[in-house]
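*Asks:* Read off the chains here:
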Amino acid sequence: MTYLYEQYDVQEKHPRLFAIRTEASTLIETLQEVTTHTEFVTLAQIACTDWIEEERFELTYLLTDRARSRNLMVKVPLPRTGGSLPSLAFRFPQAEVMERDLHEMYGIVFEGNTTLYDFVLEGWHDIPPMRREFDTLAYVREHYDFQRGRTDGKDVKVEQKRRREEAKKRKAEAQQQAQTPEGAPHGE
Amino acid sequence: MENRLVTIFHGPQHPGITGNMSVELDLLGETIHRARTHVGYLHRGFEKLIERRTVIQAFTIVCRICVPEPDPNEENFARAVEGLAGIEISERAQYIRVMVQEMSRLAAQLLWMGGQSGSIGLETVGQWSLYDRDLILDLFEQLTGGRVYHMYTYPGGVRRDLPEGFLRRLGELLDHLEKQLPRYDRTFFDNATLRKRAIGVGVIDPDEALANGYVGQALRGCGIRRDLRRDNPYLVYDRLEFDIPVFDGGDVYSRALVRRGEMRESIRILRQVIAQMPAEGAIMQKLPKHRKFTLPRDDIYVATESARGEFGYYMAGDGSEYIRRMQVKGPSLIHGFTLLESLLVGEELSNVALIMNSLGICPPEIER
Amino acid sequence: MSEYEQSGFVPYDPQAEQQSLEAETEGIRNTQTLIEKAIRWFHARSMFVVAYGTGCGAIEMPPVFTSRYDIERLGVVGVATPRQADILIVSGYASLKTLRRIIRTYEQMSEPKYVIALGSCTINGGMYWDSYNTIKRLEDYIGVDMYVAGCMPRPEAIIEGFVKLQAAIRDNTLRPGYVRYRENLAGYKANQTKVLGERIAPEYEENYAGMELS
Amino acid sequence: MWYDIPLMLLMAYGFGFLYYGLYRNITARVHGRFGPSLAQSFWDSIKLLTKETSTSFGWVFAAGVVIMAAGAVMTVLFIPYFTDTERFAGLSRYGNLIVVLYFMVLGPLGNALGVGSSGNPFGAMGVTRGLTRMIGLEMPFYIALIGLMIAHRSADIATIMAQQQGTIDLVAHPLLFVAAFISFAGFLGKSPFDVVGAPPEVYSGPAVEFGGKFLGLALSQSAIFSFAKLLLMVDLFWGGAADLWELIAKTFVLFLAAVLLGNVYGRFTTAQSVDLLLKVPTLIALLGLLRV
Numbered sequence: 000m001t002y003l004y005e006q007y008d009v010q011e012k013h014p015r016l017f018a019i020r021t022e023a024s025t026l027i028e029t030l031q032e033v034t035t036h037t038e039f040v041t042l043a044q045i046a047c048t049d050w051i052e053e054e055r056f057e058l059t060y061l062l063t064d065r066a067r068s069r070n071l072m073v074k075v076p077l078p079r080t081g082g083s084l085p086s087l088a089f090r091f092p093q094a095e096v097m098e099r100d101l102h103e104m105y106g107i108v109f110e111g112n113t114t115l116y117d118f119v120l121e122g123w124h125d126i127p128p129m130r131r132e133f134d135t136l137a138y139v140r141e142h143y144d145f146q147r148g149r150t151d152g153k154d155v156k157v158e159q160k161r162r163r164e165e166a167k168k169r170k171a172e173a174q175q176q177a178q179t180p181e182g183a184p185h186g187e
Numbered sequence: 000m001e002n003r004l005v006t007i008f009h010g011p012q013h014p015g016i017t018g019n020m021s022v023e024l025d026l027l028g029e030t031i032h033r034a035r036t037h038v039g040y041l042h043r044g045f046e047k048l049i050e051r052r053t054v055i056q057a058f059t060i061v062c063r064i065c066v067p068e069p070d071p072n073e074e075n076f077a078r079a080v081e082g083l084a085g086i087e088i089s090e091r092a093q094y095i096r097v098m099v100q101e102m103s104r105l106a107a108q109l110l111w112m113g114g115q116s117g118s119i120g121l122e123t124v125g126q127w128s129l130y131d132r133d134l135i136l137d138l139f140e141q142l143t144g145g146r147v148y149h150m151y152t153y154p155g156g157v158r159r160d161l162p163e164g165f166l167r168r169l170g171e172l173l174d175h176l177e178k179q180l181p182r183y184d185r186t187f188f189d190n191a192t193l194r195k196r197a198i199g200v201g202v203i204d205p206d207e208a209l210a211n212g213y214v215g216q217a218l219r220g221c222g223i224r225r226d227l228r229r230d231n232p233y234l235v236y237d238r239l240e241f242d243i244p245v246f247d248g249g250d251v252y253s254r255a256l257v258r259r260g261e262m263r264e265s266i267r268i269l270r271q272v273i274a275q276m277p278a279e280g281a282i283m284q285k286l287p288k289h290r291k292f293t294l295p296r297d298d299i300y301v302a303t304e305s306a307r308g309e310f311g312y313y314m315a316g317d318g319s320e321y322i323r324r325m326q327v328k329g330p331s332l333i334h335g336f337t338l339l340e341s342l343l344v345g346e347e348l349s350n351v352a353l354i355m356n357s358l359g360i361c362p363p364e365i366e367r
Numbered sequence: 000m001s002e003y004e005q006s007g008f009v010p011y012d013p014q015a016e017q018q019s020l021e022a023e024t025e026g027i028r029n030t031q032t033l034i035e036k037a038i039r040w041f042h043a044r045s046m047f048v049v050a051y052g053t054g055c056g057a058i059e060m061p062p063v064f065t066s067r068y069d070i071e072r073l074g075v076v077g078v079a080t081p082r083q084a085d086i087l088i089v090s091g092y093a094s095l096k097t098l099r100r101i102i103r104t105y106e107q108m109s110e111p112k113y114v115i116a117l118g119s120c121t122i123n124g125g126m127y128w129d130s131y132n133t134i135k136r137l138e139d140y141i142g143v144d145m146y147v148a149g150c151m152p153r154p155e156a157i158i159e160g161f162v163k164l165q166a167a168i169r170d171n172t173l174r175p176g177y178v179r180y181r182e183n184l185a186g187y188k189a190n191q192t193k194v195l196g197e198r199i200a201p202e203y204e205e206n207y208a209g210m211e212l213s
Numbered sequence: 000m001w002y003d004i005p006l007m008l009l010m011a012y013g014f015g016f017l018y019y020g021l022y023r024n025i026t027a028r029v030h031g032r033f034g035p036s037l038a039q040s041f042w043d044s045i046k047l048l049t050k051e052t053s054t055s056f057g058w059v060f061a062a063g064v065v066i067m068a069a070g071a072v073m074t075v076l077f078i079p080y081f082t083d084t085e086r087f088a089g090l091s092r093y094g095n096l097i098v099v100l101y102f103m104v105l106g107p108l109g110n111a112l113g114v115g116s117s118g119n120p121f122g123a124m125g126v127t128r129g130l131t132r133m134i135g136l137e138m139p140f141y142i143a144l145i146g147l148m149i150a151h152r153s154a155d156i157a158t159i160m161a162q163q164q165g166t167i168d169l170v171a172h173p174l175l176f177v178a179a180f181i182s183f184a185g186f187l188g189k190s191p192f193d194v195v196g197a198p199p200e201v202y203s204g205p206a207v208e209f210g211g212k213f214l215g216l217a218l219s220q221s222a223i224f225s226f227a228k229l230l231l232m233v234d235l236f237w238g239g240a241a242d243l244w245e246l247i248a249k250t251f252v253l254f255l256a257a258v259l260l261g262n263v264y265g266r267f268t269t270a271q272s273v274d275l276l277l278k279v280p281t282l283i284a285l286l287g288l289l290r291v
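In order, the protein sequence lines correspond to chains F, L, G and H.
Quick note on numbering that gives the first Met the number 0: the first sequence kicks off at 0 and runs consecutively.
Quick note on numbering that gives the first Met the number 0: the second sequence kicks off at 0 and runs consecutively.
Quick note on numbering that gives the first Met the number 0: the third sequence kicks off at 0 and runs consecutively.
Quick note on numbering that gives the first Met the number 0: the fourth sequence kicks off at 0 and runs consecutively.
Just so you know, the hints here were simulated from the structure itself, not pulled from any lab data.
Certain hints may be false.
To be verified - Taking lysine-lysine pairs in the PhoX-like style, the calculated list, with each CA pair at most 25 Å apart, reads:
hint	chain 1	residue 1	chain 2	residue 2
1	F	K156	F	K167
2	F	K160	L	K288
3	G	K36	G	K163
4	H	K278	L	K195
5	L	K288	F	K167
6	F	K156	L	K195
7	F	K160	F	K170
8	H	K278	G	K36
9	F	K156	F	K170
10	L	K291	F	K12
11	F	K12	F	K74
12	F	K156	F	K168
Please model the entire structure based on the sequences and the hints provided.
*Replies:* Here is the structure:
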């Protein structure tokens, strides 16, 4: 831990969760140093967040220490288009499948990873689905028909509106009757 | 050499596969020459759907991520949201959550026992253990209204209070299970055929296990004592006393023995929970309105010890009421690819189902 | 012209379906001989279910087949391969990749064959109505004979579905899905092609095809 | 009489399926459930025989199944049912134990022929496992039967049956019986020796491509064949049966013993089962052979 604190500006998110920042160019060196000089030896997860308004991805390499009791986030910014990262498969075997997943879901290229082919999708030619600009609802409207089942062709929204207005009207009438002396029973 | 290899797909439509996935095997005779895992048959794009839903809407679908044991997912989601929004939950709610976790762990272990015994053609044990699992699901139904998907562990506490006399019924169930466990020992864990089949099969190397980030029984089966409930305690696990069973064979049989011990430990924990749970106390914190429930721009990683190992969520908020990003890391992601593909090489075709069951690989959490 | 008709799916009219069904079953009832009735009884009394858990509903299959809700009482047993099976249970949502395998499994089964669809996801998408990777209505792609609603359906509901299906087969009040599939094959294939592309059957070489691409 | 042979076949068919129903019921009771009706297997076979066949693997595939059925039928026809060999003796006066053993091998060979022509790798694997296991099964079985033949100075089933009216061979040669019974349990194809069609491994092996009528025929064949084996065991080791009820009682006891063995054991791998069978029962059989 002391090594971390003197080398990087460590952000302590939680008593057992720390975060440091680095760049795509120095990612390998950072991870090598951290894994050799500190307790954080295992790569547990590679998470990616799409900050579309800032035109960048933020990848989070989550390291776990030998006792599996503390976690360290290594955050790497990456431009949304044209950026690429070095693959970590040579250092962490489990990184291969995680990078394969991210490549399919975000289109991020990991240089040196030879398994960047179909992972969960089969012949997907659209925008990588986890990118923010991919609108799943529009895709569904275009490809499937999920609103079938009402054979009377009524629009559910219109019907709901009508019922709401009816209820409002009934309420108003009930109040009027309540105001009239020895009035009719409240509502019906 | 190459032309003597036969390539077969072990799954997805195959009785010996754990869930809807497939392992592509290059066989030389019946010996596996190369194995490659294929997933994606269950991909629903949860992480995309959650980006479109508010916190409360996302809470209803998050439990679908892992079908055999949905509660670690709810626990992770709730803890991640609480960590981001800075919510502290009451002690009673924490005890109830621990109870739910251990019940789901017991149910998952019993389900695993059914699969493992079925993988060596010993249906009898599976029939008994699934019956006992169903008794636990009945309790879940009384508690949450759902058999499999509970939607109970909620950001800020739990959704409902315990029904009348629930803890008494839970105690009776535990008595029943304690009567059953020796039966399982006699018929399954000490069964000659299981020993003959499982000892020395699928051996994991301890150093590799630590370096490659294997979790759960894969670690504890080769002599490494790691358990998030002890190493990175959440809820009230630091107030409960329980052992972490460890066996150092590294093979399928050691993993089975680890699970056997964990069932006993879960029962022990549940008994302590029944004894210690405060009778009074709020079960739910006051939460902002549905549309006002915003998460700050920050990210967090929370992990729960599921029945098969560490189950982690990465969650990032962006100041709106929507979750910007939630990434799931189940134990099966590493076990299903890095570990399984290396373990199967050189094994017999007969042992594929055995090894997959012992690792407890669950495809829906690989592909979400 | 509704969005649904523009989308090129085969129109499906429940009323017409019902009428044609009643007319047909009436005709058959009057003409079928004792032998045919006996054969129907045997087909209803013995059902082999192919072991393919396509979705979350597969988690409720073990309880149904084991000692708590013992469905073997009704003559329902699980078999390994589609060749031996009569029933295909599509347990829950079907992703595109699974749909290929479902279609292949379904076409490998020998007639008479029936399909039981579990869960809301197979009826109209259910929870995953806005998911880009799951089909919304199984009826469009293969012939479904029995829907069991719920997320997920309880074992009792599944057993109820089996009982109703058996009664329908015995009394011949059902226009089986495989007959519809055979008669309207072009339409079903059109729907499958619309979501799966020209190549419907799974080609296992494609996993290697991707390797050259990257 | 002329109607003996059809009656024998009908009895084999009916009893075979009755025993399968009993097997499923007993297993269900061990599992703690009700289980299907006794006639369920019979209904299954009728249903399968009235299904359409969707496969087209050519005539060799069909011929294989037919050869299996023929092997079972011939096996049961060459075994006398009762001690008085006037009635229900079938063809047994034209052939002896050697012929029966020959016909018992015919079934698996026909199976191999048909399944091999389907070209399904799982089927090929299942057949290979079946033939490998047969080596292990037949070694002790044949040794035990040879011991019997030596002991009775005859290879004729009727003679062996007639000679053990005083003391049955189960008492006279217990070691031979144990060896033969272990391999008989293996022949029934229940665990721990059910490597042939192991659904989690080779997804029911040879039957992987059997659909519709083929599977129905295979089911009927296995029913008849298992009854024939029971009959053989009863005739050779238990002095046959005087009347129908005795026959039912004796065969059922043997069947029950074999079934309950299978309910508490898992499945060995092919190598393990062959290893076990070649060691334990073979040694027992050899010891029995020495005692003869």
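*Asks:* Does each hint fit the structure? Answer for all of them.
*Replies:* Hints, verified against the model:
Proximity of F:K156 to F:K167 is assessed by CA-CA distance (about 17 Å); at most 25 Å being required, the pair is judged to hold. In summary, the hint linking F:K160 to L:K288 is supported, as the alpha carbons are separated by about 23 Å, within the 25 Å threshold. Restraint check for G:K36 and G:K163: satisfied, since their Cα atoms lie roughly 17 Å apart, inside the 25 Å limit. A hinted pair counts as satisfied when its Cα atoms are at most 25 Å apart, and H:K278 with L:K195 qualifies at roughly 16 Å.
Pair hint L:K288 plus F:K167 holds up; C-alpha atoms about 24 Å apart against a cutoff of 25 Å. Taking the CA atoms of F:K156 and L:K195, the gap is about 64 Å. The hint is violated against a cut of 25 Å. Pair hint F:K160 plus F:K170 holds up; C-alpha atoms about 15 Å apart against a cutoff of 25 Å. The hinted pair formed by H:K278 and G:K36 fails the criterion: a straight-line CA distance of about 54 Å is larger than 25 Å.
Between the alpha carbons of F:K156 and F:K170 the distance comes to roughly 21 Å, so the proposed pair stays at or under 25 Å and holds. A C-alpha spacing of about 24 Å is found between L:K291 and F:K12, which places the hinted pair at or below 25 Å, so the restraint holds. A threshold of 25 Å between alpha carbons decides the hint, and for F:K12 with F:K74 the separation of about 13 Å falls inside it, so the pair holds. The straight-line distance between the Cα atoms of F:K156 and F:K168 is roughly 19 Å, inside the 25 Å bound, and the hint therefore holds.
In this structure, the hints that do not hold are numbers 6 and 8, in rising order.
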